[in-house]
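As given, the protein sequences belong to chains A and B, one line each in that order. Taking this note's numbering, I'd label the letters of the first sequence as residues 1 to 196. Taking this note's numbering, I'd label the letters of the second sequence as residues 1 to 404.
Honestly, I wouldn't trust all of these hints.
Computed list of lysine-lysine pairs in DSS-like fashion (alpha-carbon distance at most 27 Å, straight line) [to be verified]:
| id | chain 1 | residue 1 | chain 2 | residue 2 |
| --- | --- | --- | --- | --- |
| 1 | B | Lys111 | A | Lys53 |
| 2 | B | Lys111 | B | Lys162 |
| 3 | B | Lys20 | B | Lys32 |
| 4 | A | Lys126 | A | Lys157 |
| 5 | A | Lys157 | A | Lys27 |
| 6 | B | Lys349 | A | Lys70 |
| 7 | B | Lys349 | A | Lys53 |
| 8 | A | Lys192 | A | Lys126 |
| 9 | A | Lys196 | A | Lys174 |
| 10 | B | Lys111 | A | Lys70 |
| 11 | B | Lys349 | B | Lys111 |
| 12 | A | Lys27 | B | Lys111 |
| 13 | B | Lys46 | B | Lys32 |
| 14 | B | Lys214 | B | Lys169 |
| 15 | B | Lys214 | B | Lys111 |
Quick partial rundown of chain A residues pointing at chain B, CB under 10 Å, derived from the structure [what the hints assert, rightly or not]:
| id | residue |
| --- | --- |
| 16 | Asp56 |
| 17 | Asn67 |
| 18 | Gln80 |
Please keep in mind that the hints were generated in silico from the structure rather than gathered at the bench. Quick caveat: nothing in here was measured; it's all calculated off a predicted structure. Even glycine gets a Cβ: it sits at the ideal position worked out from N, Cα and C.
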Amino acid sequence: MNINKRIGEVVESSSLQFTVQCYDLYKSPNIGTLVKCGSDPQLFGIVYDVSNKSMDPARRPVPRGRNENKEEEVYLSNPQLNRLLITEVNCVLVGYQSVDEINQSPVSLPPMIHSFVIECSDEELKRFSSCLDFLPLLLESPVLNSIDEVISSFLIKSSRVHDDSSRFLIYAGKELAFNLSGQLIRLNNLLKRISK
Amino acid sequence: MSLDLTYTALQIDYMSENIKIHRENHIARISKALEKIDSFDIDHHKARIKNSLGMFNWNIPRISLDSFNKFNAHEFPQDYYVVSTDGSHIDVDRHMPANCYLINIGSCILKYGNNSFATLNSIPNLYAEYQDLIISDRENQSKSVLVRGAILSAKRMLEELKALTKLVKEIDNDIPILALMDGSLIMLDLIGQTHPEFVKKELVQHGFVELLDKIHELSKRKKLLLASYISLPKSAEVINSLRVSNCSFNEIHCDLNCSKIIPGNRSCDDTSNQIIDREVFSEYLSPGQRSGTFQIDIDLVNDYYLENQIHFFYLNTGHEIARIEIPQWIEEREELLNLTHSLILNQCKLGHGYPVSLMEAHEQAVITSSDRNHFVRMIESALDHNGVPTYTSEKNLSKRLRWV
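Model the full assembly from the supplied sequences, consistent with the hints where possible.
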C-alpha cells in the first residue's frame with residue numbers, strides 16, 4: 001500500500017521552481033517523481049535534480065575512509081556527517097489544485113518557505129497524469145538542462161499507475177508529437193526512452 | 001590610502017632574512033634542551049628551586065618523576081561520547097545604540113560505537129540587564145567593574161564550561177564521556193591584568209571552579225573525563241624549568257645575578273632562550289605519544305582552584321604538538337589519564353589534525369562579520385519599532401559612509 005510521504009521542506013522558491021531540503025540524508029525521491037506542497041492552493045512539482053552536499057557551502061567534505069573497509073563505516077566513525085551533509089531536491093512547478101480541480105498551468109505565487117513537501121501517492125499521480133497539459137511547461141522550461149530525461153522518467157512512472165499502461169504511453173506519445181512537431185530528433189529520442 | 005604593501009614587503013624581506021640568520025642557533029638550542037631533558041635530575045632540580053628561596057623569576061610547572069617519560073596511546077572502548085563546547089561573543093560597543101553584549105555557545109555531542117549519532121547546537125544569549133553588565137563585589141556592592149574585553153572573555157569561558165557541565169549531566173549512560181574544551185582550563189584572561197580581587201573571586205572561585213567541582217562530583221557517578229585542548233601552544237614553562245639546572249651561579253637569584261646581563265647571554269639561555277615547549281616536544285615525542293604530566297604553578301590556580309589543580313601534558317597528534325590540560329582527579333588516576341590521551345588522539349585523527357568535536361562546536365559558535373552587522377541592524381530596528389531614538393557615533397557613521 002502506498003502512503004503519502006513527507007520528504008522535507010521548501011527552502012527556496014520562485015514561481016517556476018522550488019528547492020526542498022530533505023529531512024534525511026540520501027532519502028529523496030527520484031528524478032521524475034511528482035510531489036506536492038503547500039495548501040490553498042496545493043502546488044505540484046516534478047523532481048528534476050537531486051544533490052547531496054555540505055550544508056555549509058564554505059565547508060567542503062574531505063575523504064575520511066582511508067582506514068575503513070566499508071563506506072558505511074565512514075558514517076559510523078564520523079556521526080557528525082549526518083548533521084553536516086544534506087540532500088536537496090529541485091522541483092519544477094507544473095500545476096496546482098484549487099478546490100477539487102487540478103490546473104496544469106503556471107502558478108501565480110511560489111510555495112512558502114518551510115512548506116512541507118510530500119511525495120504524491122499512486123492515486124494522486126494517476127489523477128494528475130490523466131491529463132498532460134503541463135508538458136509544454138516542461139519542454140520549454142528555462143530552468144532545466146536534461147529536461148527530456150525528467151519527462152521520460154515521469155511518463156514511465158505514470159504509466160505504471162494507470163490501469164492500461166500501454167494506452168497511457170500511446171496517449172503520452174501523441175502529446176509529445178503534438179508539442180515537438182518541429183523537433184523530430186528530440187521527439188524520436190523521447191519516444192524511444194518511454195517505449196523501453 | 002590602504003596599507004602600503006610595497007613598503008611592507010621590504011620590511012617582511014628584512015624580517016625573514018633575520019629569522020634565517022638566527023635559525024641555526026635556534027636549532028642548536030633545541031638540541032641542547034633535548035640533551036638536558038634526557039639527563040634531567042629531578043632531585044637536583046628540586047634542591048636548586050628550594051635553595052632559590054623564590055628568587056627564580058621564571059614561571060615553571062611542578063615537575064614529577066614521570067614528567068619527561070613518553071607514553072604510547074592505549075586501546076579504547078568502541079562505545080563512548082565526546083562532548084565539546086565553544087563560544088564566541090559580540091562585545092559591548094559604545095558606538096551601538098544599546099548597551100549590551102551577546103554570547104553564543106556552540107555545542108557538539110558525538111556518540112561513537114553502537115547507535116552512533118551527533119547533536120550539534122548553538123544557543124545565543126543577549127545580556128542587557130544592568131546586573132549582567134557589571135560584576136560587583138559581594139561584600140561591597142558599591143565596588144563594581146563593567147563586563148567587557150578580557151572580563152567578557154572570561155565570562156564566556158565560564159558559560160562554555162556551564163554548557164559543557166549541563167550536557168554531560170544529561171547523558172545517562174555508563175560508557176566513557178570525554179568532555180573537551182577549547183583552549184586552557186585556566187582563566188588566562190584574568191592573569192597579568194589589574195583586575196580587582198572580587199572579579200577573580202566571582203568568575204573563578206564562585207564560577208569556574210564551582211563548575212569544575214560539579215564535574216568532579218559527576219565523575220564519581222559516571223566514567224567522565226575532562227580536558228582542554230590547546231592547538232599550537234606558545235608556552236615555554238617546561239623549557240624555562242631547564243634554566244634551573246643550567247644556572248651557573250651557586251645560588252639562584254635572577255635579579256641579583258643576571259639583571260645586568262643582556263638576555264641571550266645568561267648561562268640559562270643556553271638551552272632555553274627564545275624556544276618554546278612544543279618545538280622541543282615535537283622532537284622528543286613520536287606521533288601518538290604523550291609526555292608525562294606537569295602541574296601548573298601560578299598564583300591564580302594556587303589561590304582559587306584548590307582541589308582542582310590543573311596539570312598538563314604534551315601530545316604529538318601526528319599533525320602538531322598539542323597541550324592538553326586536565327584537572328588533578330584525572331591526573332591521579334592512570335586509567336582516566338590514558339583514556340583521555342587515547343580519545344583525544346582519536347579525535348585528532350577523525351578531525352584530520354584537530355579534535356572533530358571541537359571543530360564542530362566552533363562551527364556552531366562562530367559569529368561571522370555578517371552576523372555581527374545583522375545583530376546591530378536588528379537592535380536598531382527593534383528600538384525604532386518601539387519608538388526609541390537610535391544613535392551612533394560620528395566616528396562609526398564616518399566608517400559606514402566613506403566619502404572623499
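Item to check | Pair hint outcome, Lys349 of chain B versus Lys70 of chain A [Cα-Cα no greater than 27 Å] | outcome: With Cα atoms ~18 Å apart, Lys349 of chain B and Lys70 of chain A stay inside 27 Å; holds.
Checklist entry - Taking only the CA atoms, is the gap from Lys46 of chain B to Lys32 of chain B under or equal to 27 Å? => result Judged against 27 Å, a Cα distance of about 21 Å means the pair holds.
Next on the checklist: Just to be careful, I want the Cα atoms of Lys196 of chain A and Lys174 of chain A compared with a cutoff of 27 Å; is the pair within it?
Outcome noted: holds (17 Å)
Next on the checklist: Check the hint pairing Lys126 of chain A with Lys157 of chain A against an upper bound of 27 Å on the C-alpha distance.
Outcome noted: holds (10 Å)
Checklist entry - Quick one, are Lys214 of chain B and Lys111 of chain B close enough, alpha carbons at most 27 Å? => result holds (22 Å)
Checklist entry - Between Lys157 of chain A and Lys27 of chain A, does the CA-CA distance stay at or below 27 Å? => result Answer holds: Lys157 of chain A to Lys27 of chain A is near 18 Å, not above 27 Å.
Checklist entry - Given the proposed pairing of Lys192 of chain A with Lys126 of chain A, does the C-alpha separation stay at or below 27 Å? => result Holds, at about 22 Å.
Checklist entry - Taken at face value, is the distance from the CA of Lys169 of chain B to the CA of Lys214 of chain B at most 27 Å? => result holds (9 Å)
Checklist entry - Given the proposed pairing of Lys349 of chain B with Lys53 of chain A, does the C-alpha separation stay at or below 27 Å? => result Since the Cα atoms of Lys349 of chain B and Lys53 of chain A sit roughly 23 Å apart, the hinted pair holds (cutoff 27 Å).
Checklist entry - Is the straight-line distance between the alpha-carbon of Lys349 of chain B and that of Lys111 of chain B 27 Å or less? => result Measuring from Cα to Cα gives roughly 16 Å; hence the hint holds.
Checklist entry - Between Lys111 of chain B and Lys162 of chain B, is the straight-line Cα distance small enough, at 27 Å or below? => result Since the Cα atoms of Lys111 of chain B and Lys162 of chain B sit roughly 20 Å apart, the hinted pair holds (cutoff 27 Å).
Item to check | Satisfaction of hint between Lys53 of chain A and Lys111 of chain B, Cα-Cα up to 27 Å | outcome: With Cα atoms ~23 Å apart, Lys111 of chain B and Lys53 of chain A stay inside 27 Å; holds.
Checked against the numbered hints above, the structure violates none of them.
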